[in-house]
Amino acid sequence: MPVFELGAVKIEVDEDGFMQEPDKWNEDIAKALATTEGVSEMSEEHWKLVHYLRDYYLKFGIAPMIRKLCKETSLPLKRIYELYPSGPAKGACKVAGLAKPTGCV
Amino acid sequence: MTEPKLKPDEVASIDYVVPPEGWTRTLPDLRKGTFNYGANPKSAQYLGLPNPRAWQPMEADWKLPPDWQRIVLEGLRERLSKYRSLQVFMDVCVRCGACADKCHFYIGSGDPKNMPVLRAELLRSVYRNDFTAAGKILGSLAGARPLTIDVIKEWFLYFYQCTECRRCSVFCPYGIDTAEITMMGRELLNLLGLGIDWITTPASNCFRTGNHLGIQPHGFKDSVDFALDDLESIFGVRVEAPINKKGAEILFVVPSADYFGDPHYFGFLGYLALFHEIGLDYTLSTFASEGGNFGLFHSSEMMKRLNAKIYAEARRLGVKWIIGGECGHMWRVLHQYMDTMNGPADFLEAPVSPITGTPFENAASTKMVHIAEFTADLIKHGKVKLDCSRNDHWRVTFHDSCNPARAMGLFEEPRFVLKSVCNNFFEMPENTIREETFCCGSGSGIGTDENLEMRMRGGFPRANAVRHVHEKHGVNLLACICAIDKATLPPLMEFWVPGVQVAALHELVGNALVMKGEKRTGDLRGQPFAAEKGGKKDA
Numbered sequence: 001m002p003v004f005e006l007g008a009v010k011i012e013v014d015e016d017g018f019m020q021e022p023d024k025w026n027e028d029i030a031k032a033l034a035t036t037e038g039v040s041e042m043s044e045e046h047w048k049l050v051h052y053l054r055d056y057y058l059k060f061g062i063a064p065m066i067r068k069l070c071k072e073t074s075l076p077l078k079r080i081y082e083l084y085p086s087g088p089a090k091g092a093c094k095v096a097g098l099a100k101p102t103g104c105v
Numbered sequence: 106m107t108e109p110k111l112k113p114d115e116v117a118s119i120d121y122v123v124p125p126e127g128w129t130r131t132l133p134d135l136r137k138g139t140f141n142y143g144a145n146p147k148s149a150q151y152l153g154l155p156n157p158r159a160w161q162p163m164e165a166d167w168k169l170p171p172d173w174q175r176i177v178l179e180g181l182r183e184r185l186s187k188y189r190s191l192q193v194f195m196d197v198c199v200r201c202g203a204c205a206d207k208c209h210f211y212i213g214s215g216d217p218k219n220m221p222v223l224r225a226e227l228l229r230s231v232y233r234n235d236f237t238a239a240g241k242i243l244g245s246l247a248g249a250r251p252l253t254i255d256v257i258k259e260w261f262l263y264f265y266q267c268t269e270c271r272r273c274s275v276f277c278p279y280g281i282d283t284a285e286i287t288m289m290g291r292e293l294l295n296l297l298g299l300g301i302d303w304i305t306t307p308a309s310n311c312f313r314t315g316n317h318l319g320i321q322p323h324g325f326k327d328s329v330d331f332a333l334d335d336l337e338s339i340f341g342v343r344v345e346a347p348i349n350k351k352g353a354e355i356l357f358v359v360p361s362a363d364y365f366g367d368p369h370y371f372g373f374l375g376y377l378a379l380f381h382e383i384g385l386d387y388t389l390s391t392f393a394s395e396g397g398n399f400g401l402f403h404s405s406e407m408m409k410r411l412n413a414k415i416y417a418e419a420r421r422l423g424v425k426w427i428i429g430g431e432c433g434h435m436w437r438v439l440h441q442y443m444d445t446m447n448g449p450a451d452f453l454e455a456p457v458s459p460i461t462g463t464p465f466e467n468a469a470s471t472k473m474v475h476i477a478e479f480t481a482d483l484i485k486h487g488k489v490k491l492d493c494s495r496n497d498h499w500r501v502t503f504h505d506s507c508n509p510a511r512a513m514g515l516f517e518e519p520r521f522v523l524k525s526v527c528n529n530f531f532e533m534p535e536n537t538i539r540e541e542t543f544c545c546g547s548g549s550g551i552g553t554d555e556n557l558e559m560r561m562r563g564g565f566p567r568a569n570a571v572r573h574v575h576e577k578h579g580v581n582l583l584a585c586i587c588a589i590d591k592a593t594l595p596p597l598m599e600f601w602v603p604g605v606q607v608a609a610l611h612e613l614v615g616n617a618l619v620m621k622g623e624k625r626t627g628d629l630r631g632q633p634f635a636a637e638k639g640g641k642k643d644a
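Protein chains in written order, with this note's numbering: chain A, 1 to 105; chain B, 106 to 644.
Pulled out of the complex, with its shape left as it was, chain A reads as follows (with noise of 0.2 Å):
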C-alpha cells in the first residue's frame, strides 16, 4: 500500500489517494489530503461538506447520495465542484476520509 506523508500526517492510502482506515481521520488529515486535491486553503464551504460527509459516513458507514449531499448542505454540484475540483466522491470524499464509491457509480 503506498503511504502519503506531509508534514506531521502519516497514513496508509490506495493508489487513488484515498484512506485505507477511515476512522484514524482528523482535520490535520484532512487539510493534507486537502493538497492533493489543488485545495492549499480549507474555507468555511470546504468544510461544510467535509463535516456533512464526515457525519454521515459516521452514521450510515457509507457517502449519501450526491442529491442529497447537495440538499442538505445548501451547496448546488456547481459549486462543489468549484470547492474541489475533482468532485464529491472524488474530491470530498477523499478529504473527509472515506472510501471511493464502488459499484455502477
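Everything labelled a hint here was simulated from the structure, so no lab data went into it.
The beta-carbon is built from N, C-alpha and C at its ideal position, and this holds for glycine as well.
Don't take each hint at face value.
Stated by the list, open to error - Taking lysine to aspartate or glutamate and the EDC-like style, the derived pairs with C-alpha atoms no more than 20 Å apart in a straight line are: (1) A/K100 to B/D367; (2) A/K100 to B/D554; (3) B/K137 to A/E15; (4) A/K90 to B/D554; (5) B/K168 to A/E15; (6) A/K78 to B/D367; (7) B/K409 to B/D451; (8) B/K147 to A/E12; (9) A/K71 to B/D330; (10) B/K110 to B/E558; (11) B/K147 to A/E15; (12) A/K59 to B/D330; (13) A/K71 to B/E337; (14) B/K137 to A/D16; (15) B/K241 to B/E337; (16) B/K147 to A/D23; (17) A/K48 to A/E72; (18) B/K168 to A/D14; (19) A/K31 to A/E82; (20) A/K78 to B/E599; (21) A/K71 to B/D367; (22) B/K147 to A/E21; (23) B/K241 to B/D196; (24) A/K48 to A/D28; (25) B/K326 to A/D55.
To be verified - Stretch by stretch, here's where chain A covers chain B in the computed footprint (C-beta under 8 Å, at least three residues): (26) 313 to 321; (27) 361 to 371.
Unchecked claim - Distance ranges between label pairs, derived from CB positions: (28) A/G17 to B/P459: 48 to 56 Å; (29) B/K351 to A/E5: 47 to 55 Å; (30) B/A635 to A/R79: 21 to 29 Å; (31) B/A417 to A/P76: 37 to 45 Å; (32) B/P155 to A/L58: 32 to 40 Å; (33) A/E5 to B/Q606: 36 to 44 Å; (34) B/G384 to A/G38: 47 to 55 Å; (35) B/A417 to A/G87: 33 to 41 Å; (36) A/E5 to B/K187: 47 to 55 Å; (37) B/A417 to A/L58: 27 to 35 Å; (38) B/V197 to A/V9: 53 to 61 Å; (39) B/L185 to A/V9: 47 to 55 Å; (40) A/G87 to B/K351: 34 to 42 Å.
Since chain A is already given, all that's left is putting chain B on it; use the hints.
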C-alpha cells in the same frame, strides 16, 4: 491529483498498422491508462479468494503462487470438461476475421489483440499447446505457445479490455461467444489472485451488505426516504415505497446505483412515481438491494453467490413474482443463468400484471420481468396518463444497453415507451443500435478512473454515433436502461460529444407522468418544463 488531461484529437488519431514482428513476439505493454488496479487484499480475503495480497499490475513481480502454471492448466482442463461451449469455441474458430473490426476496443485502439479473434487466440494458443495432439507435436506451427508469465500478463491486459458486450458474437458465422472466452480467461486469472479492484471490492461489498456500494439497511431506508421527500416536492403528492413488506405481490429489485448515483436516481424517482400512480402492491428489499452482479465479471461461482439473495428474499417475503429495474448485465444473469443456477423458483407464480392482466410468458420460468416490459404493457393498455410535452426540453436518442439488447432481445419495449413519453425521438444509425449496438466501453467492471483512456477509446464508436444524431437532429439526451451506462456515458459524452446528457428511461416516464391530484413544479431533475408546446399525447 491532477493528471495530464486526455485530448480527444490525440485519442482519435488511431494507428491501425499491425506490428511487424507478429503477435506472439509483441510483449504486453502495461501502459498507464489501459489497465485496472489489482484487487484490495481485504476484499479478496473477505470473499475467500486465492492468493490475497497487495499487488499492482505496474509492478514487475505479480507475487504469483509458486505452482501458478499447474493451477492455470488444471483450471483450464476443468473448465473444458465442465463447459462444452468452451471446448467448441476453442476448436471451431477458423480465423475468418468476421469479428475483427466489430469490437469497439479494436476500433478505438487499433491494437490487433483487441480483435476478438486474436483475443480468443491468446487463450486458444495455450489450449493448443497443452490439450491438442497437433499442438503438442507441431508446437508453434500448429499455433501453439507455452504458458509463460508474459502470456499471463497479456491475458490480464486484454481480458480486461473486453467488456463482454458480445457485439462480435453477432457477426461470428459459428456463433462463438467471445464474452464467454473472456469470462473463462478471467476465471483462470482469478485462480491466481489476479482480480481487479473495481470488480472485487463491489463483489465483496455485495456479499456483505447485499449491494455493490456497501449500503446498509438503515442507509438504504435513508436514501428511499429522501427520494420520497423529493417526489413530494416535485408532484405535491406523498408517495409510499414499502421496504421489506411481507406478503406484497411483487418484489422490486434495482441496481444500487439507482438510489445513490446521478443520473440513475432520477429514474428511481420515475419508478416510484409510476408504481404509486398505478397502485402497485410491491416492496423493495434491503437484502436484495442490488440487481447488478459483479460476480458475472469474476467467475460463475461468484455470480451464483451474489445472485442467490434474489430468490431467497422473494421466498422470505412471500411475494408472487419479481420486477427488475434498469440494469444491464443484471439481465444477462437473470435471464440466462438465474433459473438454473439458483432455481427453480417453483415457489413463485408465473408473472401476470395485476394492472392489465397480461401474462409475461417470456418470464414464466425465471419469474422476473424487466421494468421496460412492465411499463410498455401499462402504456399499451392506456393505464397511465402521459403528457409528452413535459419532455420537450429533450431531443432524445436511445442507447441499447448491450445485455438487455443482446442477452434478452429487449429492443421494442424501451422504444415503445420512449415514443409514448417524448415528442422528439431520433434513432442512431442502424448498424449501431439494437443487436448491433455499440458498448459504452466501460462495462463488465472496468468503469473506473485508472483506465480512463481505454474507456474513452472503447466508447468512441458509441459516442461517434451519438455525435451523428447530435449534429443532424440536435439530440441532447442519450436515454439508456443500464446503471453502468448511466455512470460511464456522461464522461464519455463530455469527452466526445459535449452537450449531450444521459438519462434513465424511467426518468422520462416520470417526467411525462400525470399523477392524480398532482401539483407539478417541474421535471424530476427539479427543472421547470419547457414552455407548453407540441401536442399532448395521452396514452
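Verification of the hints:
{"no.": "1", "hint": "A/K100 to B/D367", "verdict": "15 Å, holds"}
{"no.": "2", "hint": "A/K100 to B/D554", "verdict": "11 Å, holds"}
{"no.": "3", "hint": "B/K137 to A/E15", "verdict": "12 Å, holds"}
{"no.": "4", "hint": "A/K90 to B/D554", "verdict": "10 Å, holds"}
{"no.": "5", "hint": "B/K168 to A/E15", "verdict": "18 Å, holds"}
{"no.": "6", "hint": "A/K78 to B/D367", "verdict": "14 Å, holds"}
{"no.": "7", "hint": "B/K409 to B/D451", "verdict": "18 Å, holds"}
{"no.": "8", "hint": "B/K147 to A/E12", "verdict": "14 Å, holds"}
{"no.": "9", "hint": "A/K71 to B/D330", "verdict": "14 Å, holds"}
{"no.": "10", "hint": "B/K110 to B/E558", "verdict": "10 Å, holds"}
{"no.": "11", "hint": "B/K147 to A/E15", "verdict": "15 Å, holds"}
{"no.": "12", "hint": "A/K59 to B/D330", "verdict": "16 Å, holds"}
{"no.": "13", "hint": "A/K71 to B/E337", "verdict": "15 Å, holds"}
{"no.": "14", "hint": "B/K137 to A/D16", "verdict": "13 Å, holds"}
{"no.": "15", "hint": "B/K241 to B/E337", "verdict": "70 Å, violated"}
{"no.": "16", "hint": "B/K147 to A/D23", "verdict": "16 Å, holds"}
{"no.": "17", "hint": "A/K48 to A/E72", "verdict": "10 Å, holds"}
{"no.": "18", "hint": "B/K168 to A/D14", "verdict": "18 Å, holds"}
{"no.": "19", "hint": "A/K31 to A/E82", "verdict": "17 Å, holds"}
{"no.": "20", "hint": "A/K78 to B/E599", "verdict": "15 Å, holds"}
{"no.": "21", "hint": "A/K71 to B/D367", "verdict": "14 Å, holds"}
{"no.": "22", "hint": "B/K147 to A/E21", "verdict": "12 Å, holds"}
{"no.": "23", "hint": "B/K241 to B/D196", "verdict": "15 Å, holds"}
{"no.": "24", "hint": "A/K48 to A/D28", "verdict": "15 Å, holds"}
{"no.": "25", "hint": "B/K326 to A/D55", "verdict": "17 Å, holds"}
{"no.": "26", "hint": "313 to 321", "verdict": "holds (count 6)"}
{"no.": "27", "hint": "361 to 371", "verdict": "holds (count 8)"}
{"no.": "28", "hint": "A/G17 to B/P459: 48 to 56 Å", "verdict": "50 Å, holds"}
{"no.": "29", "hint": "B/K351 to A/E5: 47 to 55 Å", "verdict": "53 Å, holds"}
{"no.": "30", "hint": "B/A635 to A/R79: 21 to 29 Å", "verdict": "26 Å, holds"}
{"no.": "31", "hint": "B/A417 to A/P76: 37 to 45 Å", "verdict": "42 Å, holds"}
{"no.": "32", "hint": "B/P155 to A/L58: 32 to 40 Å", "verdict": "35 Å, holds"}
{"no.": "33", "hint": "A/E5 to B/Q606: 36 to 44 Å", "verdict": "41 Å, holds"}
{"no.": "34", "hint": "B/G384 to A/G38: 47 to 55 Å", "verdict": "51 Å, holds"}
{"no.": "35", "hint": "B/A417 to A/G87: 33 to 41 Å", "verdict": "36 Å, holds"}
{"no.": "36", "hint": "A/E5 to B/K187: 47 to 55 Å", "verdict": "49 Å, holds"}
{"no.": "37", "hint": "B/A417 to A/L58: 27 to 35 Å", "verdict": "31 Å, holds"}
{"no.": "38", "hint": "B/V197 to A/V9: 53 to 61 Å", "verdict": "59 Å, holds"}
{"no.": "39", "hint": "B/L185 to A/V9: 47 to 55 Å", "verdict": "53 Å, holds"}
{"no.": "40", "hint": "A/G87 to B/K351: 34 to 42 Å", "verdict": "40 Å, holds"}
Of the numbered hints given earlier, the model fails hint 15 alone.
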